[in-house]
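Colleague: As you go down the protein sequences, you meet chains A and B in turn. If you count the first sequence from 1, you need to add 10 to reach the working numbering. If you count the second sequence from 1, you need to add 10 to reach the working numbering.
Hint data in this document are derived by calculation from the structure and do not stem from the laboratory. Among the hints, erroneous ones may be present.
If several chains are the same, the list does not tell them apart, and a pair holds so long as it fits within one copy or across any two.
Unchecked claim - Under the rule of at most 30 Å between Cα atoms (straight-line distance), these lysine-lysine pairs were calculated in the DSSO-like manner:
| no. | residue 1 | residue 2 |
| --- | --- | --- |
| 1 | K58 | K170 |
| 2 | K221 | K58 |
| 3 | K376 | K394 |
| 4 | K170 | K129 |
| 5 | K255 | K86 |
| 6 | K86 | K154 |
| 7 | K58 | K157 |
| 8 | K184 | K221 |
| 9 | K129 | K255 |
2 protein chains.
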Amino acid sequence: MQRITATILTIGDELLIGQVIDTNGAWLGQALNNIGVWVARRVTVSDKWEAIWQALDQASQDSDVILITGGLGPTKDDLTKPLLNEYFGGKLVLHEPSLKIIEGIFSRSNRQMLDVNIKQAEVPDVCTVMLNPRGTAPGMQFEKNGKLYFSMPGVPFEMKGLTENYVLKAIQDKFELGQVLHRTMTTIGLGESFVAERLSTLENALPDRIKLAYLPGHQAVRLRLTETLQPGQKAAIDDYFLQMKESLSDILVTDQDISFAELIADLLLKYGKTVTTAESCTGGYLAAQLTAISGASAYIHGSVVSYDNRIKENLLRVPKQILDAYGAVSEQVVEHMASNVRKLMQADYSIAVSGILGPTGGTQLKPVGTVWIAAASEAQVVTKLCHFRYDRLHNREATSLQAFNLLRKLIEAENQTPEFPG
Amino acid sequence: MQRITATILTIGDELLIGQVIDTNGAWLGQALNNIGVWVARRVTVSDKWEAIWQALDQASQDSDVILITGGLGPTKDDLTKPLLNEYFGGKLVLHEPSLKIIEGIFSRSNRQMLDVNIKQAEVPDVCTVMLNPRGTAPGMQFEKNGKLYFSMPGVPFEMKGLTENYVLKAIQDKFELGQVLHRTMTTIGLGESFVAERLSTLENALPDRIKLAYLPGHQAVRLRLTETLQPGQKAAIDDYFLQMKESLSDILVTDQDISFAELIADLLLKYGKTVTTAESCTGGYLAAQLTAISGASAYIHGSVVSYDNRIKENLLRVPKQILDAYGAVSEQVVEHMASNVRKLMQADYSIAVSGILGPTGGTQLKPVGTVWIAAASEAQVVTKLCHFRYDRLHNREATSLQAFNLLRKLIEAENQTPEFPG
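Work out the full structure: start from the sequences and follow the hints.
Modeller: Here it is as structure tokens:
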């Protein structure tokens, strides 16, 4: 078995100057990793001939698979196709099936094709075309010195289609791939170094082929075990993963590689329950995460964003005297919000949050980062006070994790002997 | 004046296998670009000694500034500090001011320090320490052969603090920087190639020092002009930008480099108006974007997520016979949602959306990607039917842009002679 390595090469000034965040790289990394390809490097270069050429040369030296995204548009700043044509010594020819796709896209939107669009159907005669029904730029596969090169548009939806339909299969057909296993868990409430301290004996005992990585962020720490298996070798990862779970059971949130929102969705589906949210400072962010998951209608029917006190009072029926006496950011207010939104939305569970995310709005008694969270069921309301010290968006993220975690514990406590008591 | 180039080097397997999306790179790219540093390359490598060393060597060959993030944690998989120590030929010494910061962080959270945390206060004696009050890993600055190297933690909040407080100033002190000017506009409703066709004469007439880039995405196309100025040279970018605006006035959304939500916020603040949302398929995503902006309480008081028909009926008072006759995804329903949520929330404006984002839920008559949008004021309700062909999350993004754009036009029509009539 060979160890197959990949370089992901992304082309575009917009990425380098930060106008666009590169989400393709992460997605491609996951996809390659899942089939046992090791991503050794990710490189982003400018829309410049020499920069792209040099990066291709370097990738060719030390990678078996080179994935190139971007620079395939119809405009003048798109250099990838002519460059690859020259790099692999081809000449551009019209590709009829791709032209048909492009014509179809234009006829469906009732628009006339331009010359530049017809040019998009041209490909180097030394490539294998990957048909791209999702857009006007065909994907291209090249092979040289036993290495595979794939060129795809940077538009995520198009890139994903090509990867799923062509790229992964072509790599699997060409190379005998080892197996790479991952196990991921998430903890909350203990810093990275304390988690590491608890696991130090276990970590030192890991065989060479198993690696432990820490992925800290916003109060939560994700831990990932990775095992690279040779053919015929028996996996040992699950034994070590189980030991880790036992060592961390009091702070464990999930032993799956899923987000907090996905975990809540899974629990609600498992127990046939529904949830709603009443959000002040998070302004709909919790509901947006819960509804981003396909099938959300099974567990969430609606939510209320009550940014202003009048909405808390009129719609969520938080008594005015409570608001006046304790302020909007208080245990009493989130308790009322959680209880009342649950009834209003006829849900089994609810989350309510009220806090000061900053940068303004803090006071001596309630500084920026003060957040009250409540989770409610028919039987009870539980609350938690948090003090975050990040900026606005990171405070929002931390609030979201703590709120989902509070709800997780309530759901687990009411529906089972909790798997993880923490 | 020199042309100063930078490499951003990010370290971490979690980025390569796609468990974490790299947002630091984009943020750093913007920050460097703003002070006139050209980011030539962004590289992500594995937590492996040789990979980091090689990437450092390559960056040293062709960049003046090398920014390194990640690999500074207290755990075994963090190699950056010992590696930099060896790379620059230093020895590790305890840095007392950093130790004080670490002790403070632990005492505030009532936790006892571990040996690994004390070790975090050690730094190579050949670096200049950048104090990091936001975390336990100090930043480090090195200088060699006239090049500057900065090592920072990968945690975005810590990295941002160090960049803003040390890195940018150190670069400006060391190098005489040229000026890089950007002008960005956003259009909606016309594909990239058609926009390019309209601008072809202008694009061909651009002087060498001005570059035009297209950033397409979800129905919208952002266009960026970039001019690199030598000292004493007069900027020409605004003349060309004005010509572009005139050529694209019918499809122009904004001539600022801001998001659609930020544009809505700016308009509402400018005219002293408020907004609310009633969201079915977007599930709070519009409200979350509007409230993510600091100062949101001035223009949004609340929102309703009405994922389920019962919420549309009971809370938003959409008549049952309308829901039965036309279905939840219909012009009639979003009209009622928009009108009623505006009254319920006592807002000046409202947006309502109802659609099928997929992958399931489509029918023959209303396939996946069918979305109805409405925007309402006291005087009127306007609607728009959209057909998107992306996946769930991209359909949500496209919905969000179209909804904000519909509202933008309504606000502009009612409050001014619209700046951009499209």
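Colleague: Now tell me, hint by hint, if it's right for this structure.
Modeller: For each hint, the structure was consulted:
no., hint, in the structure
1, K58 x K170, "both (25 Å within a copy, 28 Å between copies)"
2, K221 x K58, "between (38 Å within a copy, 12 Å between copies)"
3, K376 x K394, "within (15 Å within a copy, 44 Å between copies)"
4, K170 x K129, "within (23 Å within a copy, 43 Å between copies)"
5, K255 x K86, "between (54 Å within a copy, 19 Å between copies)"
6, K86 x K154, "within (28 Å within a copy, 39 Å between copies)"
7, K58 x K157, "both (24 Å within a copy, 23 Å between copies)"
8, K184 x K221, "within (27 Å within a copy, 41 Å between copies)"
9, K129 x K255, "between (56 Å within a copy, 27 Å between copies)"
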